[in-house]
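Each residue of the sequence shown is one higher than the one before, starting from 18 at the first, in our numbering.
Derived by calculation from the structure, the hints in this document are not laboratory data.
Virtual Cβ for every residue (Gly too), placed ideally from N, Cα, C.
Derived DSS-like pairs: lysine-lysine, alpha-carbon spacing no greater than 30 Å straight-line:
{"hint": "1", "residue 1": "Lys18", "residue 2": "Lys74"}
{"hint": "2", "residue 1": "Lys96", "residue 2": "Lys86"}
{"hint": "3", "residue 1": "Lys35", "residue 2": "Lys96"}
{"hint": "4", "residue 1": "Lys86", "residue 2": "Lys35"}
{"hint": "5", "residue 1": "Lys74", "residue 2": "Lys96"}
{"hint": "6", "residue 1": "Lys25", "residue 2": "Lys83"}
{"hint": "7", "residue 1": "Lys74", "residue 2": "Lys104"}
Simulated restraints, written as ranges between beta carbons of each label pair:
{"hint": "8", "residue 1": "Asn43", "residue 2": "Thr66", "range": "28 to 34 Å"}
{"hint": "9", "residue 1": "Gly19", "residue 2": "Ala62", "range": "32 to 38 Å"}
{"hint": "10", "residue 1": "Pro29", "residue 2": "Trp89", "range": "18 to 24 Å"}
{"hint": "11", "residue 1": "Met61", "residue 2": "Lys25", "range": "31 to 37 Å"}
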Amino acid sequence: KGDQWIVKLIDPFEFEGKTIESIDLNGLFDLTGRDLCQIDDQMMARGYTGQTMELTKQYALLTVAKICKQPWEFADNMKSRDVIRIKNIVSGFFYARG
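Take the sequences, apply the hints, and build the full model.
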């Protein structure tokens, strides 16, 4: 945990009248099995039926919403290059050793 898990966005986005300039991913460490199942449910509600959904951009955006305690749509307007950066960090977190 720490400041290295706070991602400064290249392109801030708007959500509910606020400019989002960074995403605090420290909440990844606190996710529970229940949280992951809720994210899975959202993925399926959005039509995803494939394997390894935790490797998708959509899963990363839903994870961001969950750990930021925001509605599921929170990161829908995040710009593309930030989405890819966040996706790589989130999926890397789930598969990192140690």
